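Student: Each chain, written out:
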Amino acid sequence: MSNSSQDNPADTAGSSPLAGLEDIVSEFLIESHENLDQLDRDLVALEQDPTSRDLLSGVFRTIHTIKGTSGFLGFGTLESVTHVGESLLARLRDGKLTLTPGTTTILLDVVDAVRDLLATIEQHNGEAGAAYDELVARVQHVLDGGSADEAAAPAAETHAEPAAENPAEPAAEPVAEEVAEPVAAAPVPAPEPVAAAPVPAPAPTLAAVPSAVEEEHHEAPVAQVAPDAAGGEPRRSVADSTIRVDVGLLDSLMTMVGELVLTRNQMLQRAAATENSELAHTTHRLNLIVGELQEGVMKTRLQPIDNVWSKLPRVVRDLSVQLGKHVDLKMEGRETELDKTILEAIRDPLTHLVRNSIDHGIEGPETRAAAGKTEKGTLTLRAFHEGGQVNLEISDDGKGIDPAALKAKAIGKGLVTEEKAARMTDHEAVQLIFLPGFSTAAAVTNVSGRGVGMDVVRTNIEKIGGTIDIVTAHGEGTTVRVRIPLTLAIIPALVVTSAEHRYAIPQVNLLELVRLDAEQSKVAIETVHGAPVYRLRGKLLPLVDLREQLGLEAREPGATYIVVLQADNQEYGLVVDDILDTEEIVVKPLSSQLRSLSTYSGATIMGDGSVALILDVTAIARSSGMNLESGEDPSVANIDLASAESTSVLVVDVGSGRRAAIPVAAVDRLEEMRPDRVERAGQQEVVQYRGQILPMVWLANELGTGGAFADPDSSLRVVVCRSEDQLLGVVVDDILDIVESDLAVRIENGGSDSAVVQEHVTELVDIAAIAARLTPAPSLAWSA
Amino acid sequence: MSQFCTFTVGGHLFGVPVESVQEVLRAQEVTRVPLAPREVSGLLNLRGAIVTSIDLRRRLGMADREPDGKSVNIVVRTADGSAVSLVADEIGDVLEPPADSFETPPETVPASVRAVVERVCKLEKRLMLLLDTHRAVGGLEAA
Chain S
1 MSNSSQDNPA DTAGSSPLAG LEDIVSEFLI ESHENLDQLD RDLVALEQDP
51 TSRDLLSGVF RTIHTIKGTS GFLGFGTLES VTHVGESLLA RLRDGKLTLT
101 PGTTTILLDV VDAVRDLLAT IEQHNGEAGA AYDELVARVQ HVLDGGSADE
151 AAAPAAETHA EPAAENPAEP AAEPVAEEVA EPVAAAPVPA PEPVAAAPVP
201 APAPTLAAVP SAVEEEHHEA PVAQVAPDAA GGEPRRSVAD STIRVDVGLL
251 DSLMTMVGEL VLTRNQMLQR AAATENSELA HTTHRLNLIV GELQEGVMKT
301 RLQPIDNVWS KLPRVVRDLS VQLGKHVDLK MEGRETELDK TILEAIRDPL
351 THLVRNSIDH GIEGPETRAA AGKTEKGTLT LRAFHEGGQV NLEISDDGKG
401 IDPAALKAKA IGKGLVTEEK AARMTDHEAV QLIFLPGFST AAAVTNVSGR
451 GVGMDVVRTN IEKIGGTIDI VTAHGEGTTV RVRIPLTLAI IPALVVTSAE
501 HRYAIPQVNL LELVRLDAEQ SKVAIETVHG APVYRLRGKL LPLVDLREQL
551 GLEAREPGAT YIVVLQADNQ EYGLVVDDIL DTEEIVVKPL SSQLRSLSTY
601 SGATIMGDGS VALILDVTAI ARSSGMNLES GEDPSVANID LASAESTSVL
651 VVDVGSGRRA AIPVAAVDRL EEMRPDRVER AGQQEVVQYR GQILPMVWLA
701 NELGTGGAFA DPDSSLRVVV CRSEDQLLGV VVDDILDIVE SDLAVRIENG
751 GSDSAVVQEH VTELVDIAAI AARLTPAPSL AWSA
Chain C
1 MSQFCTFTVG GHLFGVPVES VQEVLRAQEV TRVPLAPREV SGLLNLRGAI
51 VTSIDLRRRL GMADREPDGK SVNIVVRTAD GSAVSLVADE IGDVLEPPAD
101 SFETPPETVP ASVRAVVERV CKLEKRLMLL LDTHRAVGGL EAA
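Residue numbers (the UniProt record's numbering), protein chains in the order written: chain S, 1 to 784; chain C, 1 to 143.
Derived by calculation from the structure, the hints in this document are not laboratory data.
All the pointers check out, no bait thrown in.
Chain S regions said to be covered by chain C (calculated; three or more residues, Cβ under 8 Å): (1) 550–560; (2) 591–601; (3) 609–621.
To give an idea of the chain S side of the interface with chain C (calculated C-beta under 10 Å), a few residues: (4) 258; (5) 259; (6) 263; (7) 498; (8) 499; (9) 501; (10) 502; (11) 547; (12) 586; (13) 588; (14) 605; (15) 606.
In this text, all values refer to a predicted model and were calculated from it rather than measured experimentally.
By construction, the Cβ of each residue, glycine as well, lies at the ideal position given by its N, Cα and C atoms.
With these hints in hand, go ahead and build the complete structure from the sequences.
Tutor: Below is the structure:
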């Protein structure tokens, strides 16, 4: 649980000047205590095998590390003690001295002194004036060529006891013993640490250390420093209040708790079915306890985000120096905790986002001054919990992102069509940055342009079940919001059925649920080119039938449930047979035989013991043909409120209740013609019309419904349209109306888009496209 | 001499090394996996672990079992340590045939069978096909 305690303390200290010194000190203490225990064993082993270079080097390294860090932290006495110890060890290692029992004793004394000093530092938050001149002098004596045995003699006497006793000391009292010993035993006139002790500031605590420890630090510090012999309870030292636990063990604990949660779920179901009140009571208690246990175990895996953030000040500093920018880094909520696995997973994306903000976001000092901003840019990192998720925000007050520039670039790279870009809202345009192969820097710098684009950032965040969004104000700054789950192992999920089978949908993807009864579902589900859509508060929501996606038999008509889901930037409705419940599920990976199925992100065991598959909402959206990145695809509802310029359209009926709209600008005349006027010229049906040959087009055929022509005797309703210089006759079933519509609510579907016009889904007819598809009629000028 | 756990599939006797068998279960209710390779009959809950079940009849290219036909699940550990359930018709005895009774399968055996049968053991009255569990559970094509 000790946070990143594997890190060399010196590293941690060096790279996080903004982090509290206290944390560094306590990490240093934990690490050093562990090292010292190893040292004791090594030194004793060394006595048996005085020439072992491995052992000597190990001991040397340990002392060296402590010396380095203590120098950095300003613990002068500790540094001087370890310094002479190191010198002695260096000689031994290089074979200039041989290890004698006397030397070993001196080395053990050094270790004891270090241990004492560490205990003092821990209690007083400083060395409290302890001095070890005599020990240093003795070591120096040996270094100067004196006899080790002679030098060791007094020490052996005074320190024999603690050295022998230390390992066997009762665990509850190490601090008391260690502090008391040198004062009583050392013949040197060391200033009494007790008397000299300033009342310590609240001692350092690790974020992950239970708060109980912290409370202990605050109470009556003086009494703790010198516990009376009668046994005032000494406080737990930092090293004793935390232990290192193998992550593998935590993982297996987590797995077992997962099993327990499942078993509890089963138990709850069974108990609910009986009327045994005692059983109900017991299961209720079990429910509570398991809940707490789950939370507790989950907490063991949680680490503060600061573990990742602590590397960032350095990144920011280096980058801003390199780019000649002034950047002020602010961090809020650094104690926010998340699962270790997730923490590891966001390390790189986060670093990338920070680099991006400095490289592309924050301007140079002159530019900023010219824009009326402070010369120093601010980069703010925020982390906070919300609704079972962790929110991370990376905001800068830089130049923001210019949506127009992004559009132009995306068009230039062929990632979106011009037409489509024109219809995009600014927010949509900004999301273009996530397209693969997109990079906003005009020049590839060595800072951000390393081939790792925002698409990779997004992929990595999605991999751990997170989402990413960008909000930007041109000229004012950019905020990137990342939402990630607290943990991956146990997630809340919605359980639905399709063809008698149950499936789990992670709730993080869930927006809302819609139920349509049998009557409603007949009328409320409309189709665009065969693709079903539902009008959700005026917007077209593409629908995906789960049965169809899973290749199951089609559904009987009846009540319909629509699960409105969010996949990337796309909302869609998943049509299921029934919605059952929400349940905490434990995600289990699929076996290798099934891993190629992207439709499922795993499986879980339900309350009744059966297995249910977990649906991968994003993969289903993809496989149903939604192109989530560029929105080029049939079913991508592209709700565009920006291009609100209204267009006047001719609304026509194309049969089977389908409506289409032809821009009035493209319409020349409306005509009625007798069907027998239609002649054929090559493959093309034509009529002679005002001295010209008018190619005829049946709109129903063009829009793919094909279908029944009206009675051959009734006249044809023809919309004579013009595309550039070409006229064409568009045959429709009926002409309904001319309306002004902003066509704001629209859905794109390959060549033909649709919009809601007069409360009906209406396909927009692209006359130019139809005209272009006509077989060329070279003799249009041919006169009748 | 090694021991083999035997079972029948479509009238043929198969065997797997006893050490690879974790347990044998009677027919289990499984959760169907739409879109999965057709050999995968589903997922089953084995005391909290989710185990993929593979129908050996389909794997060996044999006719499907009758809807009410008997079946057993033989849970084996594959080389990568994961448990997979093999669905067979009936469980047989544990046999200890002499080491020299094994031969490589003749060329005439259908490829679908030869792909997963390591060797053929000549027992007194019949043949036992030694199943390569690792290959039997791998190399499935998505439906």
